[in-house]
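Trainee: Residue strings, one per chain:
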Amino acid sequence: MRKVQRMFSKLGAGCINKLWRLGAGARLFWLTLISSGESFRRFRLTVREVYFTGVLSLIIILVSAFFVGMVLALQGYHTLQKYGSSEAIGVLVALALVRELGPVVTALLFAGRAGTAITAEIGLMKATEQLSAMEMMAVSPIARVVAPRFWAGVIAMPILATLFTMVGILGGYLVAVPLIGVDAGAFWSQMQANVDWQYDILNGVLKSIVFGVACTMIALFEGYDAPPTAEGVSRATTRTVVTSSLAVLGLDFVLTSFMIAV
Amino acid sequence: MAQSIVEIKDLSFGYKGKLLHHGINMTFQKGKVVAIMGGSGSGKTTLLRLIGGQLKPTKGEVTVGGEVVHHQNREGIYRLRRKMGMLFQHGALFTDLSVFDNVAFPIREHTDLPESMIRDLVLMKLNAVGLRGAHALMPAELSGGMARRVALARAIALDPSIIMYDEPFAGLDPISMAVICDLIRSLNDVLGATSIIVTHDVEETFQFADYIYFVANGVVAAEGSPDELRNSELPFIHQFVHGEKDGPVPFHYAAPEYHASLLRGAR
Amino acid sequence: MERTTIDLWVGIFVAMGFAALLSLAMKVGNLTTSDVGDTYMVTANFENIGGLKPRAPVKSAGVVVGRVGDIRFDAKTYEAVVSLNIDKRYNFPKDTFANIYTAGLLGEQYVGLEAGGDESNLQNGDKITQTQDAVVLEKLIGQFLYNKATEGDDKTVKAAASTESGAHALDASPLDNIGK
Numbered sequence: 001m002r003k004v005q006r007m008f009s010k011l012g013a014g015c016i017n018k019l020w021r022l023g024a025g026a027r028l029f030w031l032t033l034i035s036s037g038e039s040f041r042r043f044r045l046t047v048r049e050v051y052f053t054g055v056l057s058l059i060i061i062l063v064s065a066f067f068v069g070m071v072l073a074l075q076g077y078h079t080l081q082k083y084g085s086s087e088a089i090g091v092l093v094a095l096a097l098v099r100e101l102g103p104v105v106t107a108l109l110f111a112g113r114a115g116t117a118i119t120a121e122i123g124l125m126k127a128t129e130q131l132s133a134m135e136m137m138a139v140s141p142i143a144r145v146v147a148p149r150f151w152a153g154v155i156a157m158p159i160l161a162t163l164f165t166m167v168g169i170l171g172g173y174l175v176a177v178p179l180i181g182v183d184a185g186a187f188w189s190q191m192q193a194n195v196d197w198q199y200d201i202l203n204g205v206l207k208s209i210v211f212g213v214a215c216t217m218i219a220l221f222e223g224y225d226a227p228p229t230a231e232g233v234s235r236a237t238t239r240t241v242v243t244s245s246l247a248v249l250g251l252d253f254v255l256t257s258f259m260i261a262v
Numbered sequence: 001m002a003q004s005i006v007e008i009k010d011l012s013f014g015y016k017g018k019l020l021h022h023g024i025n026m027t028f029q030k031g032k033v034v035a036i037m038g039g040s041g042s043g044k045t046t047l048l049r050l051i052g053g054q055l056k057p058t059k060g061e062v063t064v065g066g067e068v069v070h071h072q073n074r075e076g077i078y079r080l081r082r083k084m085g086m087l088f089q090h091g092a093l094f095t096d097l098s099v100f101d102n103v104a105f106p107i108r109e110h111t112d113l114p115e116s117m118i119r120d121l122v123l124m125k126l127n128a129v130g131l132r133g134a135h136a137l138m139p140a141e142l143s144g145g146m147a148r149r150v151a152l153a154r155a156i157a158l159d160p161s162i163i164m165y166d167e168p169f170a171g172l173d174p175i176s177m178a179v180i181c182d183l184i185r186s187l188n189d190v191l192g193a194t195s196i197i198v199t200h201d202v203e204e205t206f207q208f209a210d211y212i213y214f215v216a217n218g219v220v221a222a223e224g225s226p227d228e229l230r231n232s233e234l235p236f237i238h239q240f241v242h243g244e245k246d247g248p249v250p251f252h253y254a255a256p257e258y259h260a261s262l263l264r265g266a267r
Numbered sequence: 001m002e003r004t005t006i007d008l009w010v011g012i013f014v015a016m017g018f019a020a021l022l023s024l025a026m027k028v029g030n031l032t033t034s035d036v037g038d039t040y041m042v043t044a045n046f047e048n049i050g051g052l053k054p055r056a057p058v059k060s061a062g063v064v065v066g067r068v069g070d071i072r073f074d075a076k077t078y079e080a081v082v083s084l085n086i087d088k089r090y091n092f093p094k095d096t097f098a099n100i101y102t103a104g105l106l107g108e109q110y111v112g113l114e115a116g117g118d119e120s121n122l123q124n125g126d127k128i129t130q131t132q133d134a135v136v137l138e139k140l141i142g143q144f145l146y147n148k149a150t151e152g153d154d155k156t157v158k159a160a161a162s163t164e165s166g167a168h169a170l171d172a173s174p175l176d177n178i179g180k
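Chains as they are written, first to last, in our numbering: chain B, 1 to 262; chain C, 1 to 267; chain Y, 1 to 180.
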């Protein structure tokens, strides 16, 4: 009886803690938005962060995209061939990448590569009192540190996702056409006939922008909220990956159901 | 009597109902070097954060230049902070910026000076702490004492009228310590500023401070000039100044009786 | 400071992003094939559109000449009203025939236009009067069974006829069109 009671009270405390953090995260999001002026007035601050979050993530994103595209083509061919429609492989690869894998896998990789870096950096800046020092110099750390990173993430994510999709399709092409021997014309023309610019491509980009907001904000919040100790920062980094991944997959479901309904 | 620039009146502060300070009164006069001393964990650093407006007092108030800090809104606090410079315990240099950019940071953030002028100002400040030659280094390449001096150059970049030091001597070798001591005194006199030093290093502080407050158990236990305190009869001050192990500040943290604690396991 | 290199890299990064988006639009998507050109709209009524969807292609002689706009249900005539957006470059006579075809046996459905012989052309907002419904597989099978049954004994006739619910399907026999 005592055990059950303790379990419930632990569960309740956990829930309250989660809600508290959600509220604090929303507050940080709001503060970031209203102190974003500086990240555009001094755009160089944001450009610098685009370099760290975007450019430095390129390699992992492009290499993964290439392999994902190749695997998709292999697997897709294997199945489609049973129904005698192996020409549709272009459509399969393109739609899978444009609609889902491009934005989602990019966001997951982004959370692991750039998100953790952001969390660790901000957490350490907090632990070494750099944020406090900035505050004492009458410089808002949210405007100077958080907001440029936020916008950089929001800018970098759709670019990364688009590159992922493009390179993935290229990988699929390389497997399907030269390797398997699907007709190149059929590969591209079927793709063009079935991938819609607005409904598929733009919606994919829209998804990646939303993921960009979510992943970057989670990473920033975990860093900003991390206890200023080595253990606190390392835990916050782990939480960034876990929370971002769950948020991306959950949001993906919600967004997809909206987009299909429209 | 000289004009006071920072005043702490009847200040109480605590987290979650547990009070750290009970009614502290302090006055910091213009042009003086004032030290706040006390054992570890006596809430000295918290006092600096209260002066800087990073924390709100539970009761009482802190005034800077006649303005109550916690009554200010965000802009007001930022306006007050522009008059302050603070040296953090471990320097708190921005690790992604070079020494030069660290010192230039507050100037760039708060002024629209041309780059050539910023360069001159930064080199002047670095020269004052003797590190002009190190301007191209990154913080990771500096020793602890050098980092502290760069942070000091950054703290005085905008010629503040109040300079706060949080444990400026912690973890320094004797030479660096002497250098910092000397800098604190000379910068204070050259800039005509007021210095507030939080520390527990008795010897150094007694050499150059004008006035000293002792904080213990959340109240000001003693105050006075170094000479007055050195000859103080108060047992606590005596213990602290002469670094005795046991005295009014017990060696043991409050605990149940020793025998009882040990025997409980056997039962 | 390495700022200039950072700027350069970010510039390259953003340019790559735009290039990828552009090539996605051109090479992968259908931005080039339709939608962008000016179109005119005509409507056509069908008794049954089967699985026709908005944005399905409109083809003539196998070439995509437009896309299906929206599909509505007319509560008065109990028919489906399908609007077709046809590329301005292609004109069709007023007596053009609109069919709903299926690409392959199980593929997507599309609208096929067969030009008539009228001198005047369809204008924006016109209505195509001659239409041919979608082939519904179940109906087809039912009819096939019925035809078989009329050749055989009477018992199967009754059985087949009773399974077929809509009687009117007989007179517009889709089977006639299958060879086309």
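None of these hints come from the bench; they were simulated from the model.
It cannot be assumed that every hint is accurate.
To give a feel for the contact side, a few chain B residues facing chain Y, derived at Cβ under 10 Å [as the list claims (entries may be wrong)]:
# : residue
1 : L22
2 : G23
3 : A24
4 : I60
5 : V63
Dumping the calculated BS3-like pairs for lysine-lysine here, alpha-carbon to alpha-carbon at most 27 Å [unchecked claim]:
# : chain 1 : residue 1 : chain 2 : residue 2
6 : Y       : K127      : Y       : K59
7 : C       : K30       : B       : K18
8 : C       : K18       : B       : K10
9 : Y       : K76       : Y       : K148
For glycine and all other residues, C-beta sits at the position ideal for the given N, C-alpha and C.
Trainee: Now, for every hint given, state plainly whether the structure supports it.
Mentor: Okay, the hints, checked on the actual structure:
no., hint, verdict
1, L22, "32 Å, violated"
2, G23, "34 Å, violated"
3, A24, "31 Å, violated"
4, I60, "14 Å, violated"
5, V63, "15 Å, violated"
6, K127(Y) to K59(Y), "17 Å, holds"
7, K30(C) to K18(B), "48 Å, violated"
8, K18(C) to K10(B), "24 Å, holds"
9, K76(Y) to K148(Y), "36 Å, violated"
Hints 1, 2, 3, 4, 5, 7 and 9 from the list above are not met by this structure, while the remaining hints are.
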